[in-house]
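These protein sequence lines are chains A and B, in that order.
Sequential numbering from 1256 applies to the first sequence in our numbering.
Sequential numbering from 15 applies to the second sequence in our numbering.
These aren't lab readings, by the way, just hints derived from the structure by calculation.
Backbone N, C-alpha and C define an ideal beta-carbon position, used for all residues, glycine too.
A couple of the hints might just be wrong.
To be verified - Derived coverage of chain B by chain A (criterion: at least 3 residues anywhere in the stretch with Cβ under 8 angstroms from a Cβ of chain A; other residues may be distant):
#1 30-39
#2 63-75
#3 164-174
#4 211-217
Stated by the list, open to error - Quick list of the computed label-pair ranges, beta carbon to beta carbon:
#5 B:A58 to A:K1506: 24 to 32 angstroms
#6 B:R43 to A:K1506: 25 to 33 angstroms
#7 B:A113 to A:K1391: 44 to 52 angstroms
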Amino acid sequence: MLLPRIIPCLLIHRGGLVKTVKFQEPKYIGDPLNTVRIFNEKAVDELLVVDIDASRFGVEPNYSLIKAVAAECRMPLCYAGGVNSVAVVEKITSLGVEKVGISSGFINDSDLVAESACRVGSQSIVVIIDAQNTGKKKKKYEVFIRNGTENTKQCPFALAERAQASGAGEIVINSIECDGMMGGYDMDLIKGVRDAVCTPITALGGAGSYEDFRALVDHFGIIGAGAGSLFVFKGKYKAVLIQYPDWIAKKNIFYGGLVG
Amino acid sequence: MHFSTGAKAISVIDYGLGNVQAFANLYSRLGFNVVVAKTAADIANARCLVMPGVGSFDWAMGRLNSSGMRESLDKMVLDVGVPVLGVCVGMQIMADYSAEGVSPGLGWISGGVRAFEIPDNGDMVSQRLPVPHMGWNAVKPAKEDGLFAGLAESHFYFLHSYFFDALDTSNSLAFSNYLVPFVSAINRDNIYGVQFHPEKSHSGGVRLLQNFASL
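Using the sequences provided together with the hints, build the complete structure.
Structure below.
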């Protein structure tokens, strides 16, 4: 039986790992390689590493860091940040990264996903959508780029559909207003994407407990459950502590311990 | 990573596809002599061969055919009998053909490669299973020795939309379930293939790669 994936999302800022709240206030978590080693020991399903400086400041990805992280990972790795050309996609996969996340690159160049999927295969192309509810009375979701600083005015569901049509193998849907709040996922946002595409999707933004994972899987079946704060903070004062559910905890989350 | 000593090495075939570096890192960390093979000379002296693969069937066959290694690879595997492990698309190209493309496969293990089909019957259960099949799934080996020694029922990482449909069921080495039961590992003589990614499957994957190197 296939298990839903539980995916820690790590943010790189000035060479270190940080965690944000609503894409603001980056708080230092630790050294990237050390953290990956800890996640290896905890046998995580998959890792998502996002360089939050690369696309915002238009700098190239830090290839030496990506290579070091990829060599350390005993699990599939998705890297995102500053991916704006097929050459960058190919360079990153050649460093031993399984999946490459594209966000503003797809908004700016609608051919980037299709051309990249041709070279490295759909299964390695992930489109990451950062969305926010900008509606006053009625919910209205819009896609933001450059680390949440620029509103593209695009609809995330239409964008997800275009991403799938272009050959994206997976969609990550990230809620900006839920980021770091630990109050649960934005189910409406996720449902909109789930209804728009039939590729695998991963939800990100808002997970504050294992209960949130359970609610997500109850609603959507097989889905990637991404989280940041939950895996790096403990307690209300947010002490840094790397944690991840073990095999038994995972079975409890998804099957209430029913599967032996 | 390239050792030119006389000791026989594990050759990871680098034909421009798949995570060559992950295999090389893992084996060298386990203390094995590893070569990242880019030419026929690099595989001539191999004690065993790993053939990774990510991407589409035709792209993989095209890259392998133009790599300059195809001929010696056939010879090493079919005549000399060196153990070979194909991974993901590296496994699928061992078949005769694939529904994903038009190129002939290596034809090392008889059978074809088929697509997962989502039943179009409004069945909510099946519609909750997207394709590609992505994530950690159980692998049940037909027998718990050799490649699967110590791996009675383990979980491995999968990422694929097509699967190997072995004609001769005696070539099926392990099974998994997604939409349908499918063959997740194959074997004929010295030829092995796994649909999942042992290089990204934590301790179970390390054990399997260790088992392979000890065959």
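These are the hints, each one checked on the structure:
Coverage of the region 30-39 of chain B by chain A holds [criterion: at least 3 residues with CB-CB distance below 8 angstroms; count 5]. By the rule of at least three residues with a Cβ nearer than 8 angstroms to a Cβ of chain A, the coverage given for the region 63-75 of chain B holds, with 4 such residues. Counting residues of the region 164-174 of chain B whose beta carbon lies closer than 8 angstroms to any beta carbon of chain A gives 5, which meets the minimum of three for the stated coverage. For the region 211-217 of chain B, the assignment as covered by chain A holds, since 5 residues bring a beta-carbon within under 8 angstroms of that chain's beta-carbons and 3 suffice.
Remark: the range hint 24 to 32 angstroms for A58 of chain B to K1506 of chain A is contradicted by a beta-carbon distance near 48 angstroms. R43 of chain B and K1506 of chain A have their C-beta atoms about 30 angstroms apart, which keeps the hinted 25 to 33 angstroms range intact. Between A113 of chain B and K1391 of chain A the beta carbon distance is about 50 angstroms. The supplied range of 44 to 52 angstroms therefore holds.
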